[in-house]
Amino acid sequence: MATKASRSAARIMMAPAVVLLLGWMLVPLLMTLWFSFRNYLPLRGGDLGWAGFDNYVRFVSSSAFWPSIQATLVIVGSVLVITLVFGILLALLLDQPMWGQGIVRILVIAPFFVMPTVSALVWKNMFMDPVNGLFAHLWRFFGADPISWLSDASMPSIVMIVSWQWLPFATLILLTAVQSLDGEQLEAAEMDGATKLKRFYFIILPHLGRAITIVILIQTIFLLAIFAEIFVTTGGAFGTRTLSYLIFQRVLESQNIGLGSAGGVYAIILANIVAIFLMRIVGKNLDN
Amino acid sequence: MGRITLDKITKKFGDVEVIPPLDLTINDGEFVVFVGPSGCGKSTLLRLIAGLEDVSGGEIRIDGSDATMVPPAKRGLAMVFQSYALYPHMTVRKNIAFPLRMAGMDPAEQDRRITAAADVLNLTDYLDRRPGQLSGGQRQRVAIGRAIVREPAAFLFDEPLSNLDAALRVGMRLEISELHKRLKTTMIYVTHDQVEAMTMADKIVVLRAGHIEQVGSPLELYRAPRNLFVAGFIGSPKMNLIDGPAAAPYQCKTIGIRPEHIAVSAESGDWKGTVGVSEHLGSDTFFHVKCDDISEPLTVRVGGEVDVHYGDTIWLRPDAAQIHRFDDAGLRIA
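Chains as they are written, first to last, in the numbering used here: chain A, 11 to 298; chain B, 762 to 1095.
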């Protein structure tokens, strides 16, 4: 029962949390904005005063800028497609009654609990190493020349590693959605003459719409900021430099905080453009 | 055409035999009701006919041809589910069109059939809504509409009214009966409610633990229940089943007498008893009477309103012509 008194009490009690969260967000944002207009070179004299829009112009006109946007979008898009397609297939598979279901489900979820740095290192050293990696052994077993994954096929390698990490998340969300589908609907469709494929397309897929939306939104948020996997594998080389990695390089490797902050502001803009598109395309799924 | 024959069909789930060998013939145009308590196998039997479950043995014939291994979609049967099983993301029109679309029917013919079905079921104003925006009764009608447009050999109903409230249930009961009279298509209807069975059926099949206890028209079952189970199941309120000394004069183990076949008197009768709780329905009054030499309280129906109170002593006289006699095995003695 929300009386007037309890509503205002609720507001007062929520206030500290709201103020804290707002401050947590606003302070870094405002600092980034501030630095982006400064000539700030920590190892070369510190804060050298007002820079106007110089940092913004320099960041965009750098030859690394557009490739980094492209790399970011390619990684986000490919991982989304791979995790959704395989996530739906795995969810349908795991929904079938089978022996050892509980254990299999835990195993499927497991990769999600491995830290990004660790899993990227495991992939780099155990699987993709061109001399000692499992893939190299596999290739040699079939008489082929091992691929140096991270240099010759750097983008597919990163996409593979990140997809492996995020597939469990997609599978888990989609599995719960598959399980919530009313079995009688499928039986009704079967009686109505829908083949297995048509039942999937007309009944299961629309039912999964909301779960797919959630997977896309959450994964996009995290994938735009992907960093550790690139840091420990290619270090941004071989065309795998994403926007967030470029910012990192500007700030820490070039020691130019002003330039990096300008890049940060671009990253915020990019994230918002992606968010608007996403909400347009998939957001309406959340309404009904 | 919709003549369905079950020939010694059985169903096992693992080692548990849910349906022992069972024979049944359902004639074209008949309204058959499977009735029985929960877990008696009536829904399983319906699903076997639909093809949603595979039989473990025996043969199902539809219009004379073997349909045992035919997939559900090819049997020409339409089913209405307990949960309605409407497709929530489609409009009413698309729901009803779904089976036609799956069959690849020409859109003009689809439209014609949908319009006709919507007309019959009073759904014309709701065709562009989604199932979520409809009431229970309307959803039920959409489910029936989706079945009608296929023009099936037979309709299968799986407890279609159990999710509706009491008033709506009576209304839908009438509508389904009406529909059967108009379409003259075979209908198989599963319910645990014997009132639905009595009011709608041409033929009732009473099931217990997968066995058919009796098959017959509602009045046959009412007049001549074959055994104690059917006697106790058909009729509302239940038939009074009396063991012991009161049954002795009739040379049998148990006698059964329906509440409506007992006359009440303040002065004289066969059994003397004390009135317990009475239920006044206006048109009828039901008394629960505790008689001296009968262990269970008897239910008695008296027409209209009667001035009898808790604790009064009354006399009961069963109508001798309406007494059912059962032997030691619980079977009816003719």
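Hints are computed from structural coordinates only; laboratory data are not their basis.
One or more hints might be untrue.
Straight-line Cα separation of at most 30 Å, DSBU-like style, residue types lysine-lysine; simulated pairs [what the hints assert, rightly or not]:
id	chain 1	residue 1	chain 2	residue 2
1	B	Lys835	A	Lys208
2	B	Lys1014	B	Lys1051
3	B	Lys1033	B	Lys999
4	B	Lys942	A	Lys206
5	B	Lys1051	B	Lys1033
6	B	Lys1033	B	Lys769
7	A	Lys206	B	Lys999
8	B	Lys999	B	Lys855
9	B	Lys773	B	Lys855
10	B	Lys1033	B	Lys1014
11	A	Lys208	B	Lys769
12	B	Lys999	B	Lys964
13	A	Lys206	B	Lys1051
14	B	Lys769	B	Lys855
15	B	Lys999	B	Lys835
Covered stretches of chain B, going by a simulated chain A footprint (3 or more residues, C-beta under 8 Å) [as the list claims (entries may be wrong)]:
id	segment
16	799-805
17	859-868
Where a beta carbon is used, it is the ideal one built from N, C-alpha and C, also for glycine.
Right, here's what the structure says about each hint:
1. For the given pair, Lys835 (chain B) sits about 16 Å from Lys208 (chain A) by alpha-carbon distance, which is consistent with the 30 Å threshold.
2. For the hint linking Lys1014 (chain B) to Lys1051 (chain B), the alpha-carbon distance of about 20 Å falls within 30 Å, and the restraint holds.
3. The hinted pair formed by Lys1033 (chain B) and Lys999 (chain B) meets the criterion: a straight-line CA distance of about 21 Å does not exceed 30 Å.
4. Taking the CA atoms of Lys942 (chain B) and Lys206 (chain A), the gap is about 35 Å. The hint is violated against a cut of 30 Å.
5. Taking the CA atoms of Lys1051 (chain B) and Lys1033 (chain B), the gap is about 9 Å. The hint holds against a cut of 30 Å.
6. Simply put, Lys1033 (chain B) and Lys769 (chain B) have alpha-carbon atoms about 50 Å apart, too far for the 30 Å limit, and the pair is violated.
7. Taken as a hint, the Lys206 (chain A) and Lys999 (chain B) pair is broken in the structure, with Cα atoms around 47 Å apart against an allowance of 30 Å.
8. Distance hint between Lys999 (chain B) and Lys855 (chain B) is unfulfilled; the C-alpha atoms sit about 45 Å from each other, more than 30 Å.
9. For the given pair, Lys773 (chain B) sits about 37 Å from Lys855 (chain B) by alpha-carbon distance, which is inconsistent with the 30 Å threshold.
10. Using a Cα cut-off of 30 Å, the hinted pair Lys1033 (chain B) and Lys1014 (chain B) holds, with the two alpha carbons roughly 21 Å apart.
11. Between the alpha carbons of Lys208 (chain A) and Lys769 (chain B) the distance comes to roughly 34 Å, so the proposed pair goes past 30 Å and is violated.
12. Taking the CA atoms of Lys999 (chain B) and Lys964 (chain B), the gap is near 20 Å; set against the 30 Å cutoff, the hint holds.
13. Simply put, Lys206 (chain A) and Lys1051 (chain B) have alpha-carbon atoms about 61 Å apart, too far for the 30 Å limit, and the pair is violated.
14. For the suggested pair Lys769 (chain B) and Lys855 (chain B), the alpha carbons sit about 39 Å apart, so the restraint of at most 30 Å is broken.
15. For the suggested pair Lys999 (chain B) and Lys835 (chain B), the alpha carbons sit about 42 Å apart, so the restraint of at most 30 Å is broken.
16. Counting residues of the segment 799-805 of chain B whose C-beta lies closer than 8 Å to any C-beta of chain A gives 0; at least three are required, and the coverage claim is violated.
17. Using a Cβ-Cβ cut-off of 8 Å, 4 residues of the segment 859-868 of chain B lie near chain A, which meets the minimum of three, so the contact claim holds.
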